[in-house]
Amino acid sequence: MSYWPNTDSRFRAVLRFVAGGQFLTASLGNRLVYQIVLISALLSLFTSSIQLLAGYRHDRAALSTIAESVRQSTSNAFSNALWEYNFELVGALVEGVYNKEHVEFVRLTTPQGRTWEDGSFSEQLTISILPFIFEESPNSQINVGTLEIGISSAEAARRLWQQTWIVLLTNFLKAAVASICISILFEWSIGRHLKALALHVSKNDWQDNADDLNLDLKCNARKDEIGQVSKAIGVAKKRARSDFLALTDEIQRRTKVESDLRARTSELENANREQSAFTYSISHDMKSPANTIKLLVDDLRILGVAERDAQCREILDDMDITLSRMSMLIEDVLHYASAIEATPTHKLLDMNAIAREVVDDLRADISRCNGNVHLENLPHVVGDPTQLRLLLQNLISNGLKFCPPDRSPVVTVSSDPAAPQPVILVTDNGIGIPPQHSERIFEMFKRLNSQSDFQGTGLGLTLCKRIIINHRGTISIQSEIGKGSKFRVEFPRHAGWVED
Amino acid sequence: MLDGLRIETAFLIDDAEIDQKSYRRILSRSGVVGETLSFTFAEAAIDYLEDNPDKIVDVIFLDINMPGMDGFEFLEAASDRLGNKFAKMIIVMLTTSIDPKDRSRAESHPLVRDFLNKPLSVDEVLRIAQLLHSSDE
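Protein chains in written order, with this note's numbering: chain A, 1 to 500; chain B, 1 to 137.
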């Protein structure tokens with residue numbers, strides 16, 4: 001297939017192109033042109049100079065042979081003419097010499113004082129001196145005259161200048177024409193296409209534009225470098241488009257997932273709040289009937305039912321015990337419901353102060369079981385004061401409660417200075433916890449002992465765990481049956497935490 | 001109809017002492033129960049059965065929520081340790097739990113004969129005695 005499918009329209013297109021003068025402003029092409037033209041101009045100037053210099057030297061060399069040729073051609077004639085006193089001939093010969101090229105001045109002087117002169121003397125002339133010797137006999141050589149020839153190199157110089165000007169002018173013209181031609185060619189076959197490529201790629205809807213590049217021919221048909229570039233751009237465009245679409249899909253999908261997640265979280269938060277409120281109000285409302293039953297039991301006592309028989313008394317006592325268990329349960333459920341509320345306050349708290357308050361609150365219990373609570377130095381913790389107070393209260397009172405009857409309970413509240421974060425330890429000398437149950441005791445309403453051995457609702461450690469979760473901490477147990485237990489509560493590091 | 005209905009020996013396995021006392025009263029009020037043995041720890045009941053292999057137990061009233069070994073754990077441990085003999089006993093689960101999961105778990109358990117909600121009543125006791133009577137025949 002011919003590269004010029006339609007010669008006529010192609011020709012017109014080229015003419016339009018040239019007339020449009022775009023090539024004049026093409027910077028890449030022009031730069032190229034300057035460089036090419038400059039280099040070639042320098043090269044040709046260099047070679048021309050060598051040429052001119054050689055020519056000049058040649059001319060100068062030629063001049064120096066003139067005198068020699070004059071001597072060779074006229075020396076005998078001069079000598080004879082002078083010997084024979086043929087002054088007409090001498091004059092003619094002198095004129096002949098003067099007429100020679102480059103000769104500006106001739107002077108013939110005889111020993112007798114006769115001179116023939118032609119031309120004008122000048123400082124710039126090169127004077128050659130030719131003596132004429134007449135050989136009367138082999139031994140006798142007589143000087144009959146001396147010829148001075150003044151040769152001018154002006155002609156050579158003029159010629160040199162002339163040549164130089166011609167060379168310069170032709171070079172300049174060559175350069176000018178070459179520049180324009182190169183510029184046009186470059187712009188036509190390369191520059192124009194580069195601009196089209198740039199324009200094509202920089203369009204805003206580049207990826208959406210389904211059109212392929214049209215660079216005179218469909219880009220797939222061109223085999224040269226421009227064709228490669230436009231083909232590569234086509235490929236890149238397709239790839240970019242599919243990447244872009246994939247990305248948009250992914251973004252849409254993720255946005256949907258995000259908003260679903262947000263909706264779900266909001267739902268869960270609502271459900272949580274509702275449940276917490278419900279639990280709270282239920283247990284709050286149960287206090288009233290619990291109190292009523294208590295009153296009724298007291299009424300029965302007052303009416304003397306307890307005195308009736310042993311069984312009645314036992315039943316009334318059991319009712320009291322059960323009622324107090326009920327109110328304990330209600331209290332614990334109320335505490336738990338408020339602890340699972342989502343937004344505890346976050347303050348930097350001195351746990352020493354809180355521990356002291358808790359011990360103060362438990363004063364009655366401590367003295368009742370003949371116990372002892374030791375407080376050592378505790379760290380600062382970021383959290384909710386009410387909840388942390390409940391935490392300490394539960395842990396300490398557990399330590400006091402679950403103690404075998406053969407000894408007095410001793411509970412120590414301390415910290416771990418070696419730990420990288422705030423740690424609170426509650427150690428007791430109680431009955432201990434079997435290791436297989438150490439997870440279970442945190443479950444709701446799960447107990448290890450009967451009510452008659454040790455009272456309790458099974459909610460204490462559940463509440464502690466919930467509070468610790470609220471504070472993003474962890475709890476672990478070390479225990480030995482019959483010896484005691486150590487509860488370790490770890491809190492996350494906070495801004496005010498200082499390692500001692 | 002009370003003739004012939006008899007629960008000679010009943011086990012009561014429940015951690016609450018006060019509840020135990022109430023059950024004993026109810027069982028005796030029903031008039032069909034002979035001996036009642038109370039255990040506040042399920043473990044203790046298994047130990048007793050191991051120590052007294054000849055003892056015939058007609059009904060076991062079993063609570064679910066107990067500290068230490070709970071009702072379902074008792075069933076596993078007892079059948080492990082006592083084998084066939086345990087399988088022949090009538091087990092009645094007695095619980096406050098209204099959790100439907102507990103109910104379905106109990107009902108699908110091969111060893112559990114019945115599932116009762118507390119509080120226990122005399123009518124329920126008579127019904128259980130009837131069950132025993134009909135299974136004997």
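Just so you know, these hints were derived from the structure itself, not from any lab.
Keep in mind that the hints are not guaranteed to be accurate.
Claimed, not checked - Negatives, chain A to chain B, calculated, CB over 12 Å:
no., residue
1, R12
2, N30
3, T115
4, S281
5, M319
6, T322
7, H437
8, G456
Unchecked claim - Take a look, some chain A residues computed to stay more than 10 Å from chain B by CB distance:
no., residue
9, S44
10, S48
11, Y56
12, G227
13, F244
14, L245
15, E267
16, I293
17, G304
18, I321
19, N370
20, K401
21, N429
22, G458
What the hints assert, rightly or not - DEER-style ranges, computed between Cβ atoms:
no., chain 1, residue 1, chain 2, residue 2, range
23, A, D299, B, P119, 36 to 46 Å
24, A, V257, B, D47, 33 to 43 Å
25, B, S104, A, Q275, 23 to 33 Å
26, B, D47, A, T322, 27 to 37 Å
27, A, I251, B, H109, 48 to 58 Å
28, B, S104, A, P385, 40 to 50 Å
29, A, F454, B, L37, 44 to 54 Å
Backbone N, C-alpha and C fix where the C-beta goes; we use that ideal spot for every residue, glycine too.
Comparing the hints with the structure gives:
no., hint, verdict
1, R12, "92 Å, holds"
2, N30, "88 Å, holds"
3, T115, "154 Å, holds"
4, S281, "20 Å, holds"
5, M319, "9 Å, violated"
6, T322, "6 Å, violated"
7, H437, "8 Å, violated"
8, G456, "9 Å, violated"
9, S44, "104 Å, holds"
10, S48, "110 Å, holds"
11, Y56, "121 Å, holds"
12, G227, "74 Å, holds"
13, F244, "52 Å, holds"
14, L245, "49 Å, holds"
15, E267, "24 Å, holds"
16, I293, "14 Å, holds"
17, G304, "21 Å, holds"
18, I321, "6 Å, violated"
19, N370, "25 Å, holds"
20, K401, "14 Å, holds"
21, N429, "21 Å, holds"
22, G458, "8 Å, violated"
23, D299/A <-> P119/B: 36 to 46 Å, "22 Å, violated"
24, V257/A <-> D47/B: 33 to 43 Å, "57 Å, violated"
25, S104/B <-> Q275/A: 23 to 33 Å, "24 Å, holds"
26, D47/B <-> T322/A: 27 to 37 Å, "29 Å, holds"
27, I251/A <-> H109/B: 48 to 58 Å, "53 Å, holds"
28, S104/B <-> P385/A: 40 to 50 Å, "44 Å, holds"
29, F454/A <-> L37/B: 44 to 54 Å, "24 Å, violated"
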